[in-house]
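Chemist: Single-letter residue listing:
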Amino acid sequence: MKFRIALLPLATAVLLLSAGAAEARDQLRIVGSSTVFPFSTAVAEQFGKTTSFKTPVVESTGSGGGLKLFCSGVGTRTPDITNSSRRIKASEIAKCADHGVTEIVEVKIGFDGIVLANSKASPRYTLTKEQIYRALAKQVPVDGKLVDNPYRKWSDLDASLPGVKIEVLGPPPTSGTRDAFVELAMEGGAKQIPMLSELKATDKQAFKAVAHTIREDGAYIEAGENDNLIVQKLEANPNALGVFGFSFLDQNADKIQGSRVGGVEPTFENIASGEYGVSRSLFFYVKKAHVGVVPGIQEYVAEFTSERAAGDEGYLADKGLIPLPAAERSLVRNSAGGLSLLSSN
Amino acid sequence: MTDRLLPTDESAARHLAKRHAAERRFRSYGASAVGAALVVLVALLGSILWRGLPAFTSHEVRLEIHFDADLLDPRGSGDLEVLGRGDYGRLVKLALRAKFDQVTGRRERRALSALVSSGAAFELRERVLAEPGLVGTTRLFFLPLSDDADLFFKGGVDVSTREADRRLSDAQISWLRVLEAEGRIESRISRRFFISGDSREPELAGIRGALVGSLWTLLITLLLSFPTGVAAAIYMEEFAPKNRLTDFIEVNINNLAAVPSIVFGLLGLAVLLNFFGMPRSAPLVGGTVLALMTLPTVIITSRSAIRAVPPSVREAALGIGASSLQVVSHHVLPLALPGILTGTIIGMARALGETAPLLMIGMVAFIVDVPSGPTSPATVLPVQIFLWADAPERAFLAKTSAAILVLLAFLVAMNLVAVLLRNRFERRW
Amino acid sequence: MILSLFCSLAALMVAAFVLGRRRAVAVVSGDVRSLHSRPAYYGHWVALWAGLPGLLLVLVWVAVEPSLARWQVLAHAGPAVTELSTERVELFVHDAEALAAGEVVSRQSTPELRAAAERVAQVRSEGRQGLAAVVLSVASGGLLWARRRIHPQLRARNGVERAVRGLLAASSGIAILVTIGIVLSLIFEASRFFGLVPLNEFLFGLEWSPQTAIRTDQVGSSGSFGAIPVFAGTLLITAIAMAVAVPVGLLSAIYLSDYASARARAVVKPLLEILAGIPTVVYGFFAALSVGPVIRAFGERMGWDVSSESALAAGLVMGVMIIPFVSSLSDDVINAVPQSLREASLGLGATPSETIRQVVLPAALPGIVSAILLAVSRAIGETMIVVMAAGLAANLTANPFEAVTTVTVQVVTLLVGDQEFDSAKTLAAFALGLTLFLVTLVLNVIAMAVVRRYREQYD
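Chains A, B and C supply the protein sequences, listed in that same order.
Under our numbering, the residue at position 270 of the first sequence is numbered 270, and the numbers go up by one with no gaps.
Under our numbering, the residue at position 218 of the second sequence is numbered 218, and the numbers go up by one with no gaps.
Under our numbering, the residue at position 139 of the third sequence is numbered 139, and the numbers go up by one with no gaps.
There could be a bad hint or two in this list.
Computed list of lysine-lysine pairs in DSSO-like fashion (alpha-carbon distance at most 30 Å, straight line) [said to hold, decoys possible]:
id, chain 1, residue 1, chain 2, residue 2
1, A, Lys49, B, Lys93
2, A, Lys49, B, Lys154
3, A, Lys54, B, Lys154
4, B, Lys154, A, Lys120
5, A, Lys191, A, Lys129
6, A, Lys120, A, Lys49
7, B, Lys18, B, Lys93
What the hints contain is simulated information worked out from the structure, not anything from laboratory work.
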């Protein structure tokens, strides 16, 4: 009977059904942001190698998906830690509480610089935030009125800029990188325009809508989140600029160069000192209910906040993470070590 | 009028020549289509090979390591626990400093020790744990270079660029040149790539974890989708009554083929993980999700293949008294097998290359340990490729291509069995 | 527990097979010719009687156990629990289950919770013990009963074949289960999306721009969720891909099956199949870094305005990827067209190409159509190539030199984004997935009707 082979799927299905049994977990499970992923994995690996704990499993799910999983309940079937490239929202804290996740520890790990870069085959750009806003916003004020962005070339903005088409490769609207870029660079630029700063004083909502909306006529190209691809596209197209995380500039400094924003070059030191204004904080969140149940949570947090990882010369800095200022670092280390809870506000 | 009905020899010859020309044209279209497809294939494979081959070798440096008893086991207890906690990174640093004793200053020393991979310390640790007698002796060891230093010897560092724009400083390059001149640098086949799991350090990262994960996942996929798919196809073609329900099933199957793969991931998350409570990141779940995804492909192709078996074969078998099931299992299935296998090959090839559905069930992850079974956390080859392609370190570029080569080798090995079977069963009536 | 039950059932079935087969031979004292069916069929028949009822019982139990436990917990819980909000009740039940399994729980364990957990544990342990007893006795009863019924006239083969047919039918029924599962796992979130965005705005809106804010302190800027541009982009890219894959694939199939030598075919066909297995990341890089710039350079030379991300680059490369879907599958059906048809045509004086075009292809048409439909499905479902080469901007355009996006790409990016999971942005992914599902369903119904009409049967 050839049909006996049909029993194979049945047997596999049985295996499936019986795999459901919950078992104690001896391995940390971490989910969340793809931006924090390279740092989180570096710590996880170091943690696994230098301690007797198993190396944690780190998933790259995006901040939103990570928090969703994190907040889905307490128990070994849910993750212990979630990485996030933004702070947790009040609505997410509420959702967490609905599922019994009431004790959350927030740990700030450092900064991610967001750079505008282009190929070395072209001259380095020096931009002001206002120019960034004018180049990329959907609507800009011209002669006292908001109109659809009329600028086609960089030289339309300022005669000192090159006369090439505005072409910026950047992350899609689902990305935290884009979100931070919009807020820090574009909103910062919009504020400098008198008409918009007046608008901000009268109608904050309307101001933000103008400042935060990126043009959709092809000058800003939503290029997905593979930053290596953006780097390679910049190499192939010397006229284009790209928006991505500092670590990729750091690794590819022989091929691409970061544009000066507000006169400051995006270097490690400038971002760390806060002089280069476009950077955002990165976080991870710990489920306190799992401490003592899943082994290694406190040790992992200690490793992540230790000086040899997150310090000025720690291995995370080698990976492109911009460390917190020393004072804030020790503050974070203490509060994280003591597992102080996030106060829900 | 007859000369109009019967063409003259001349016009017949012309007509014939035209038809033959059409024949040649048609044939050349076919040949050029095959040729074009093969050219693209060769171009793709060539570029992957070109980029990926360097990742199969790595440069190592030979250093005299003094296993200082004061550092590793100050009390001389010989206890493995104590030895395991020793500062092996320091041994490497000391060995390097002994080599370049003119280097002083914190910054310079840091730059010097950055030449050797951080994995070297763990390798020394393992050696000592395996052979505690090493403590107190001095031995020559080949230690892995860091990714940047390795890249330098592979020609990946452009010395002509500004020092600040390079990953290696002028001093580091001069040290590497000294080591090379002394014959301490050697390029070796990278065993680590095949025997270790993932790592954040490119020079330490290996493919084995993902390979084993793919193996388990695809085994589950094959076990579930092949028999089920063929069974469904047999039912649909040979036994199903012609009614609404059958039509509904048929439309459903065709429709499932067009469902984006990530939706199968959502299904897996909702049903397998949340409802049945199966473990996250497990090949068992991944394999099931991929099986559901490939099922329509297997069913549709198997149906085509079964349909193509001439009715005369069935009628002959029925005529000599076989039951309808015997007709199917003894005659129709063997004859349809080549087509069924093609569908399986294509379906499995897709399952092997899929990442999106695995994202939802936790297999897009950094997992260092090599999975030990179908329920331990695992990732698969395409996920590994995806993650490495997204990593900032440049050395991962070559790793990515090398991982792709491994995936293709896996694919070829997997297909080989099916192709041999297919060639054996194939026939024309 | 369940696993060991399955194992004992399997062992019982093997025993039943041996016993049944022996019994059949014994009943006719070794003269197997006087049996209605061959002895093995009797073995299978007994094994089925021993195994199937027990198997069904186990499955039923696995399905009802959670709800049974839940019912027990709620039935005995005091008003302090039952009067809570639905979410809190869920949490309580969940905690009770977790506690029963020795897991972490989200609260201090109150006496109430412990009582509930005990109930859950009780349902589990007693239920499973009972289940094991019932299943094993049913199975052995079935075995004995079936074995006693064996006699030479028993139509064991028909019985076994009926069961096998049932198994086959169940296999095809899985498709329906999967469909139901998919709809269920999409519909809940999708309906929440339609609570936030009106249905007709989604279905008929001409602008797709999910630029709503990610953080609370930001303001939703232009957040329009019109699905038309996304679907148009899918159509455009799929059409380009098919324009590559169908001619190249079909001509390759014809050449391989009717012109190439058997040896060349045995080598080339598997080689082409590798194209289907190359990871899509590779195609993505190829499309974005090799094909894209070439198209751009070409366009600029012709004086057209070409963006660096274009539907054309993505479509062309995707077409290459799905060549094997068309070539290999069509090759199989073309190869299966009876040789007698070819010989008859050739015998009448037709050239090989005339034979192929007028005889072989029509005969193979249903198979070729289903191969092409499969290729279309694959093209619709592809993400990586599109993300890398055509970008994510949803332009409503038929110009292949512009950037477009597809449904699948949007679904994936929305699902893995950094925004809050319960925002309209993420929920839109579910709505898109569901809509795509329905659209392809309608297209498939039409396709089936058309294929039926033109289906021809040759021998």
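Chemist: Confirm or reject each hint.
Modeler: Hint check:
Of the supplied pair hints, the one linking A:Lys49 and B:Lys93 holds, its CA atoms being roughly 18 Å apart against a limit of 30 Å. Taking the CA atoms of A:Lys49 and B:Lys154, the gap is near 28 Å; set against the 30 Å cutoff, the hint holds. Proposed proximity of A:Lys54 and B:Lys154 is contradicted: the alpha carbons are some 34 Å apart, above 30 Å. Only pairs whose Cα atoms come within 30 Å are accepted, and B:Lys154 paired with A:Lys120 is accepted, the gap being roughly 23 Å.
For the suggested pair A:Lys191 and A:Lys129, the alpha carbons sit about 9 Å apart, so the restraint of at most 30 Å is met. At roughly 39 Å between alpha-carbon atoms, A:Lys120 and A:Lys49 are farther apart than 30 Å, so this suggested pair is violated. Using a Cα cut-off of 30 Å, the hinted pair B:Lys18 and B:Lys93 is violated, with the two alpha carbons roughly 81 Å apart.
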